[in-house]
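Trainee: Protein chains in written order, with our numbering: chain H, -8 to 267; chain U, 36 to 183.
Keep in mind that the hints are not guaranteed to be accurate.
[Stated by the list, open to error] Listed below are the simulated DSS-like cross-link pairs for lysine-lysine, each with C-alpha atoms no more than 27 Å apart in a straight line:
| no. | chain 1 | residue 1 | chain 2 | residue 2 |
| --- | --- | --- | --- | --- |
| 1 | H | Lys43 | U | Lys109 |
| 2 | H | Lys43 | U | Lys88 |
| 3 | H | Lys43 | U | Lys58 |
| 4 | H | Lys39 | U | Lys109 |
| 5 | H | Lys39 | U | Lys117 |
| 6 | U | Lys171 | U | Lys109 |
| 7 | H | Lys262 | H | Lys244 |
| 8 | U | Lys87 | H | Lys39 |
| 9 | U | Lys144 | H | Lys43 |
| 10 | U | Lys87 | U | Lys98 |
| 11 | U | Lys144 | H | Lys168 |
| 12 | U | Lys182 | H | Lys39 |
| 13 | U | Lys171 | H | Lys43 |
| 14 | H | Lys39 | U | Lys58 |
| 15 | U | Lys182 | H | Lys168 |
| 16 | H | Lys168 | U | Lys88 |
| 17 | U | Lys98 | H | Lys244 |
| 18 | U | Lys171 | U | Lys98 |
| 19 | U | Lys117 | H | Lys244 |
| 20 | U | Lys171 | U | Lys87 |
| 21 | H | Lys244 | U | Lys58 |
| 22 | H | Lys127 | H | Lys262 |
| 23 | U | Lys98 | U | Lys58 |
| 24 | U | Lys167 | U | Lys87 |
| 25 | H | Lys39 | U | Lys98 |
| 26 | H | Lys194 | U | Lys167 |
| 27 | U | Lys87 | U | Lys109 |
| 28 | U | Lys109 | U | Lys182 |
| 29 | U | Lys167 | H | Lys39 |
| 30 | U | Lys144 | U | Lys88 |
| 31 | U | Lys182 | H | Lys43 |
| 32 | H | Lys39 | H | Lys244 |
Quick caveat, the hints were computed from the structure, so don't treat them as lab data.
Predicted model only: the values in this text are computed from it and were never measured.
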Amino acid sequence: MILADLFDAQVPYNSTGMFARLFCATVAIIVALNFVQQYHYFQTQPSKLYGKGPRLFGLISLPVLNSYQFLACGIGFILCLLLVVLNVYPHVAIAIALICYFLYFGQIISLAYVQRKANLIPIVLLILLFSPSLDKPLSSACAACELVLIKIVLIQVYLSAGLQKIRHSGLGWLNGKYLQAYLLENYLWTDRNAALRLASSEKLCAALSVLVLIFELTFGIVLFLPQLTFVYVAFALLFHLGTLITMRINYLKYLGPVYLVFFVDLAFRLKATIGI
Amino acid sequence: MSISIILYFIICILLLWVTIAGKDIYPFSYYPMYSAPHNLENVRVFRIALEKKDGSVAWWESKFYRYPEYSGRKLQQLWQIKNDEQKRDAILQLEQYRLLIAVLQIMEKENMDTGDYSAFHIIERTMQSDLKPVDKTIEIIPLNRLKK
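Full structure from sequences and hints, please.
Mentor: Set out below in structure tokens:
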């Protein structure tokens, strides 16, 4: 099966519509749950320490908002996502959500669990915005290309991380010493014993380095061998949990919703079982 | 060819570009974190600690952990330059003060009572080969010097 076949494939139900509802509902809930904390962060005026955020597409400077504008963009973002869930003018809602996203997250992009980790949200919303299946009933047949593209977007995160390791460190990254050093550095920041315990075993660090690099470089295989999907998804979950516990790197919060792309069939089966 | 196909094609090109070139075109990003060579001998961080009026010293902790980490990294960079280029010492000292004033402002915005504290301690932390941390205070800066 080649990539073009994957893009041309048709599915007997609206998997894009189902994914859009699941994704938007999850992101709306996560943003709502973190809203107060993110507002507190905004109030500390992070740009004074970090400087201005990145330009949109490298071209457009994002404006600095006041408190009311920040709150309005956040609430607007959540409400628009909920409109997508309810299938009320979903294309318009996504377009407005995208604008709100860049204005809202542009202010707090230096927040640890936002920087780079939330970047897939606007890319996924952009893909959904141009999807002809978005406002169709869930029972209608549709093309599978949007979901294939969303999987590629997710795969790129890991492939890029793996390639960067090879580029900067070569196979030296596999010896475990680099991972050990990063864990120890993290320990000096946090005094977290989990990082120190893991770092104290060089063999374990080496084994984890090999596993992580193989995982990152081969994640794309799930496109062609979908039977391996759950192995990779389970590993990804463990990997992110591990980095959260030992290094405080939280990709689960805003990258997690994109993983729902692998659970669309399950959602349809669940829907049929419940009889909605 | 429909607009959606063209857009999807552009997205693929951008993903490919950021991955290969190792550059960001926000929101398209590459992921270089923890990819550079590192080893035990180079493990060193600069952390900010606060001295209370009773003389006790505690790490500066923020609800947003990247603040102490980022400030520490900046201080480490400044000290690196200081060691390399003595002539620019005064400018770097000013930059260090500017950074610590920003830290002070963040603490106040996080509702910390800065009146309880008397000084910032800049502490260099390294790791021994037996994986025991070693802390060395490299500078103490009275808060009243920054509050002026």
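Trainee: Indicate, hint by hint, whether the structure satisfies it.
Mentor: How the hints compare with the structure:
no., hint, in the structure
1, H:Lys43 / U:Lys109, "holds, 16 Å"
2, H:Lys43 / U:Lys88, "violated, 36 Å"
3, H:Lys43 / U:Lys58, "holds, 18 Å"
4, H:Lys39 / U:Lys109, "holds, 14 Å"
5, H:Lys39 / U:Lys117, "holds, 23 Å"
6, U:Lys171 / U:Lys109, "holds, 17 Å"
7, H:Lys262 / H:Lys244, "holds, 25 Å"
8, U:Lys87 / H:Lys39, "holds, 26 Å"
9, U:Lys144 / H:Lys43, "holds, 19 Å"
10, U:Lys87 / U:Lys98, "holds, 20 Å"
11, U:Lys144 / H:Lys168, "violated, 39 Å"
12, U:Lys182 / H:Lys39, "holds, 17 Å"
13, U:Lys171 / H:Lys43, "violated, 33 Å"
14, H:Lys39 / U:Lys58, "holds, 25 Å"
15, U:Lys182 / H:Lys168, "violated, 43 Å"
16, H:Lys168 / U:Lys88, "violated, 42 Å"
17, U:Lys98 / H:Lys244, "holds, 17 Å"
18, U:Lys171 / U:Lys98, "holds, 25 Å"
19, U:Lys117 / H:Lys244, "violated, 39 Å"
20, U:Lys171 / U:Lys87, "holds, 18 Å"
21, H:Lys244 / U:Lys58, "holds, 24 Å"
22, H:Lys127 / H:Lys262, "holds, 17 Å"
23, U:Lys98 / U:Lys58, "violated, 30 Å"
24, U:Lys167 / U:Lys87, "holds, 26 Å"
25, H:Lys39 / U:Lys98, "holds, 17 Å"
26, H:Lys194 / U:Lys167, "holds, 19 Å"
27, U:Lys87 / U:Lys109, "holds, 24 Å"
28, U:Lys109 / U:Lys182, "holds, 20 Å"
29, U:Lys167 / H:Lys39, "violated, 35 Å"
30, U:Lys144 / U:Lys88, "holds, 21 Å"
31, U:Lys182 / H:Lys43, "holds, 25 Å"
32, H:Lys39 / H:Lys244, "holds, 26 Å"
Going through the hint list in order, the structure does not satisfy hints 2, 11, 13, 15, 16, 19, 23, 29.
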